[in-house]
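Please arrange chain Y on chain W, whose structure you already have, making use of the hints.
Residue numbers (this note's numbering), protein chains in the order written: chain W, 1 to 206; chain Y, 207 to 526.
Keep in mind that the hints are not guaranteed to be accurate.
[Said to hold, decoys possible] Once the Cα atoms are required to be at most 25 angstroms apart in a straight line, the calculated DSS-like pairs of lysine-lysine come out as:
(1) W:Lys-51 with W:Lys-8
(2) Y:Lys-332 with W:Lys-191
(3) Y:Lys-418 with W:Lys-191
(4) Y:Lys-418 with W:Lys-203
[Unchecked claim] If you only want the chain W side, here are some residues facing chain Y, beta carbon under 8 angstroms, derived:
(5) Glu-60
(6) Glu-78
(7) Asp-86
(8) Asn-184
(9) Gln-189
(10) Ala-192
(11) Ala-196
(12) Val-199
Keep in mind that the hints were calculated from the coordinates and are not lab data. Glycine included, each C-beta is placed from N, C-alpha and C at the ideal position.
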Amino acid sequence: MITIAIAKGRMQDSALSLLARAGICLSEEAVNSRRLALMDETGQYRFIFVKPADVPVYVEHGIADSGVVGRDVLMESEADLLLPLDLGIARCRIVVAAVDPAAMTNVQGMIRVATKYSQIASAHFGSRGIPVEIIQLSGSVELAPALGLADMIVDLVETGRTLRENGLTVIDEIAESTGRLVVNRASYQLKAGEVARLVNALKSTL
Amino acid sequence: MRYYIGAEARLRRMVEDVAMSVFEGWNYEEVITPSVDYYDLFEQGMGQREAQRSFRFTDNDGRLLTLRPDVTSSVARMAATLLSERPRPLRFCYAAPVFRQQTQSHAEWRRENTQLGCELIGTGGKPADLEVLRLAAEILSRLNLESRYCITINNVEIFNGVAAQLSLDTPAREQLRRLIDTREADELQRFLTTYGNGETRVFAQPTQLIGKRNVIEAARRAIANQRSVAALDSLDELWTEIESLGLEDSFEIDLGDVSSLDYYTGLSLKVFVHGAGASVGRGGRYDGLTGSFGRAEPAVGFVLNLDALTEVLGRKVVQD
Chain W
1 MITIAIAKGR
11 MQDSALSLLA
21 RAGICLSEEA
31 VNSRRLALMD
41 ETGQYRFIFV
51 KPADVPVYVE
61 HGIADSGVVG
71 RDVLMESEAD
81 LLLPLDLGIA
91 RCRIVVAAVD
101 PAAMTNVQGM
111 IRVATKYSQI
121 ASAHFGSRGI
131 PVEIIQLSGS
141 VELAPALGLA
151 DMIVDLVETG
161 RTLRENGLTV
171 IDEIAESTGR
181 LVVNRASYQL
191 KAGEVARLVN
201 ALKSTL
Chain Y
207 MRYYIGAEAR
217 LRRMVEDVAM
227 SVFEGWNYEE
237 VITPSVDYYD
247 LFEQGMGQRE
257 AQRSFRFTDN
267 DGRLLTLRPD
277 VTSSVARMAA
287 TLLSERPRPL
297 RFCYAAPVFR
307 QQTQSHAEWR
317 RENTQLGCEL
327 IGTGGKPADL
337 EVLRLAAEIL
347 SRLNLESRYC
357 ITINNVEIFN
367 GVAAQLSLDT
377 PAREQLRRLI
387 DTREADELQR
397 FLTTYGNGET
407 RVFAQPTQLI
417 GKRNVIEAAR
427 RAIANQRSVA
437 ALDSLDELWT
447 EIESLGLEDS
457 FEIDLGDVSS
467 LDYYTGLSLK
477 VFVHGAGASV
487 GRGGRYDGLT
497 GSFGRAEPAV
507 GFVLNLDALT
517 EVLGRKVVQD
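Next comes chain W alone, as it looks inside the complex (with noise of 0.2 angstroms):
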């Protein structure tokens, strides 16, 4: 048996009907039931339903042998994973957002930048040698510069339509973002055939 975990939210969707269409079914009363942990109809994969940045977490210690999460997850913690697949869902762009289109140069002293990827953030500004105060926020980050929190924010976006109602433009594009396909490093040698699968089924929808 494999132990596949899900991000919820955002993902979870076309997760679960890209695993439907590799021929691993939930059924439709497990799906509208509030159990967080599932099993597909043949009982070969049992699912787990945890929260995005907790998949990876799941996934390294070996509690789930696998799991579908963002990328932008992936960058933000620190798990030493497989990422055999790009599943191609929930695309979407990690970008740099400012009220004034010029605001990388305009600012005045500290840049102050918030988000909910602080790790993304310093790293990208770190490597390009610009010098900022990271302010990490849980949610609604596109209000933070119109309060006057921040300068700017670092942040995903699906459609910028958010962006655009908040008054904020694209200033820079950090990485695109879709689901991934992790897997644990035991897992992946020692269920090795379950393992490889999981992955030929997924990769055949693509």
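What follows is chain Y alone, placed relative to chain W:
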């Protein structure tokens, strides 16, 4: 920080005793190395990137000291200096705690773990490689982990030979190594479209890097450069020996194991056990190491993680 109390401590002691008695049976002498030593030693021994994970502090005169992050560096220095006149080969074993800073996502008690390890110094080639593989297999089977463990083997020169043909700069080579190590099939394809050649198709399908002899045969069809072919030959010979010992069910070849290229020079191995979420041991050939202490000679060894083995065995007892 981790306490072992009563039955757990006994189990841990038993695991240590089993390993040390197997080592002793193969004529390995126990060695106890200093817990605190100069940082320079480990930077030379492990390379800067690994040594930086050690806990560092200064001596009265300002020189940098560290809690030992591994034992191999000390043993290699000892072989090259204190024991330079002793007849070869040297066989040493140890059970010793090592200390490393861990990334955030790891439980903090893993800062300290005890290594059960051995080093075979001054003899190269297939017999030495096979000796340490048999030692590892014997310890695991004496711990009643028969059919619950898997030792993966590789020869890092297969990758090095292919990479050398591409004349990549250091960052690009590191990127290629990382993509193979994390099995990122799609990024790897993109990378190889730009930089690859006919030989790199060996690494292009990450799910096909693991297996038995078939992996070597597939690699032979793609690879022609001398360095990689020599490495494939020696892996092939080693596999034949493993088969003739009847151990092929417990071993796998993994051409994608390229996690510590700047350290190993030939054979590399990793140990996996059902019930442990990460590898419980690793090792390989490091012919370059003793040279950095002034006496270049072949060397091979491995370590098992006593704490990880104790945890797996403890849970197994509960289940049984």
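Structure-based check of each hint:
{"no.": "1", "hint": "W:Lys-51 with W:Lys-8", "verdict": "holds, 5 angstroms"}
{"no.": "2", "hint": "Y:Lys-332 with W:Lys-191", "verdict": "violated, 29 angstroms"}
{"no.": "3", "hint": "Y:Lys-418 with W:Lys-191", "verdict": "holds, 15 angstroms"}
{"no.": "4", "hint": "Y:Lys-418 with W:Lys-203", "verdict": "holds, 24 angstroms"}
{"no.": "5", "hint": "Glu-60", "verdict": "holds, 6 angstroms"}
{"no.": "6", "hint": "Glu-78", "verdict": "holds, 4 angstroms"}
{"no.": "7", "hint": "Asp-86", "verdict": "holds, 4 angstroms"}
{"no.": "8", "hint": "Asn-184", "verdict": "holds, 6 angstroms"}
{"no.": "9", "hint": "Gln-189", "verdict": "holds, 5 angstroms"}
{"no.": "10", "hint": "Ala-192", "verdict": "holds, 6 angstroms"}
{"no.": "11", "hint": "Ala-196", "verdict": "holds, 5 angstroms"}
{"no.": "12", "hint": "Val-199", "verdict": "holds, 6 angstroms"}
Against the hints set out earlier in the document, a violation occurs for number 2 only.
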